[in-house]
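Given next are the chains, with one letter for each unit.
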Amino acid sequence: MPYPASVPGDVTTTGGFLLVLSVVIPVAGVLLAFVLGGRQAERVVLATMPLGLVIALAILVTLRQAGAPLIYLLGGWAPPLGVALRADGLSAVMMAITAVVIGAVGVFARVDFRTPRGSIEARAPFAFWILLLAIWGALNMVFLGGDLFTLYVALELLTFSAVPLVCLDGRAETLQAALRYLLFALLGAVLYLVGTALLYGSYGTLDIVLLSRRVHAEPATVVAAALMTAGLLAKTALFPLHLWLPPAHAGAPAAASAVLSGLVVKGSFFIVIRLWFDVFADLPSFVLAQLLAALGAAAILFGSVVALRQERLKLLVAYSTLAQIGYLFLMFPLAFDAGSTRLASGGALAGGLLQAISHAAAKAAMFMSAGLIYAALGHDRIVGLGGVGRALPVSVFAFALGGVALVGVPPSGAYLAKELLLQAASATEQWWWAVVIQAGGIFTSSYVLLVLAHALAPADASITLRAPVGRIQEASAAALALCSLLLGLAPWQAYLPAPDGIAPSTPALEALSASLWPLLGGAAVAILLGRKGDRLPRIPLGQVVAATVGPARRAALALSRPIERIDNMLRQWPAAGLSLLALAVLLGAALLAASR
Amino acid sequence: MSAAIVFGLCGAAVAGLGLYGLIADPRPLRKIVAFNLLGSGVFMVFGVVARRGAASGFGGDPVPQALVITGVVVAFSATALAVALLLRLFQVTGSATLNTEAPAGTGTDPADA
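Respectively, the protein sequence lines represent chains L and P.
Counting in the numbering used here, the first sequence runs from 1 upward without gaps.
Counting in the numbering used here, the second sequence runs from 1 upward without gaps.
Just so you know, these hints were derived from the structure itself, not from any lab.
Even glycine gets a Cβ: it sits at the ideal position worked out from N, Cα and C.
Any given hint might turn out to be false.
Not the full set, but computed from the structure, chain P residues with beta-carbon under 10 Å of chain L [what the hints assert, rightly or not]:
no., residue
1, V14
2, A24
3, P28
4, A50
5, G60
Could you put together the complete structure from these sequences and hints?
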């Protein structure tokens, strides 16, 4: 149900008030929690959560019954004078997954962010609960906003609520990470703002539907498209603009990391989709689509290799996010229709969005279980994880489930996404992206398996847990991972555009066995590149394998070193700033080359 | 050259200066000031858009001006947040720099300029 083609545009539809509620209720919750303060803040937020979930579900149901996008005109003024909120299938499913992830994080965080007995108000819990709700409101605004300036404000609200979450514990390195995140995000946001100014100057409106009818390739539009896209990529942390992501996502408390990694980066990604599938639908060129996916492929390579070389579990998970963000951008060339030179909203778009949704649930679960392991052990060095599998079985199980869901084992959402993307790759005869998609699956399984191999190995000495792990925390992480694993069974046809229906083409058993070989490939990559302790993790025949793969491992490590060095270089401010500008120029050039 | 073009070029120049400062200057406070400069340049461009887009008989299109006011509020909040973070960083470390010496065992990389 993509929305540009036939939107009446000037009426509020039945159920339109739900859209307003989904933004107003979190914002009202923020204000109420702020005023009541202290212990009440947590209660207000937890009371808001089921309400928000019900609204998200109501929007899903209403949308399905109506069969057309829901619209709400603020104050009854129609665009271009007024501002519209619109929900199509894409917004509805993103809002639903946001509600689910935020709810699970809320349950998880009750233990970590409890206001201590005897004190009226503690800074970190108070800030956390309010910011969590603020992120929710901002995300709903991003998914519903019908004009580009509303989206700008929503995106900034999202950044402002996300940045303080990074430095809740107030340590110097998290403060630095937060400041770096904020400054780079602001740079991206300004580029986006310049783009909106240029578009308004050219077309006299910022309404997405009206713009999609008026936009045509001319210099000002091309410059606007290039600047806005580059700015959004900086906020999404697509390679090479990822300088802020690893320290921010790895340094934040577990509950915050789960939201930042699972949801916040999806906000700007969603606006990229809105721009290229709606606003600039007539603009894309073959080169542009290939360029975006090439950056995605580079992100997969760099993110995965650097993840495998990390010493700490949370940094590994953060770099895995980097790789998964790259995966999301592979859909652009697959959605590109060479005949009409448009991005078609078909299976590729559905696959990309499904990947984003599955990643949201799976990555949140993985960060939550990594946080539990960290809290229990007092460290999260990957080579020191031996024995954790026995001490914290449910946490490790949740991590494994999340990992398996990300790898794309049926019936996970990632599996369905991969199927859709591969179908699109073969339909458009772009075998090279099929190779990248498969390689991405192999890399994903490699770092998941690396962690599991260490976690399931026996302990060197009996490990003592620093703190008991909350059952409810483990349960919420496992539930979220399970949700990602079962996403493939949800009725997506009603919401995501897929001409041939969204159903796996191969029988379940065959699909299951086909999904095992990326795991085998991943095991090989993990053996070649993964960090090792003093001794090998217990893989079957570990000693024999070690003897035979020694030289291969040395060669692989020699190859990985330059990758780590380049990653380190790109994460310096001047390098990242210049790559942002260079990327904007490249995107513009790719568009101009097509328009003449 | 009309007034709008001069104004627009000035806006572009101010934005360019801000962009240079934001990328090239390593000191966080200068980066924050540079961001404000960059923002002001962009708001000037919005002003030009308002002048050029005005229907005959009007001095300016009001919509971009409304957008600028919102933009100013957003930029103000961003600056406040950034300065608060910077002050806090200064309290904790005694220096206001984004250069991290890797603390032992945390695995962060040195020289995150």
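Quiz item: Quick one, is the P28 of chain P hint okay against chain L at 10 Å, beta carbons?
Solution: Since chain L brings a Cβ to about 6 Å from P28 of chain P, closer than 10 Å, the hint holds.
Quiz item: Does the interface hint hold: is G60 of chain P within less than 10 Å of chain L, judged Cβ to Cβ?
Solution: violated (12 Å)
Quiz item: If you take the shortest Cβ to Cβ gap from A50 of chain P to chain L, is it below 10 Å?
Solution: Where the cut-off is 10 Å and the nearest Cβ of chain L is about 9 Å from A50 of chain P, the hint holds.
Quiz item: For the hint on V14 of chain P, does the least C-beta distance to chain L fall short of 10 Å?
Solution: With a minimum Cβ separation of about 12 Å from chain L (threshold 10 Å), the hint on V14 of chain P is violated.
Quiz item: Taking the least C-beta to C-beta distance, is A24 of chain P closer than 10 Å to chain L?
Solution: Since the shortest Cβ distance to chain L is 6 Å, the answer is holds.
Hint compliance for this structure: hints 1, 5 are broken, all remaining hints hold.
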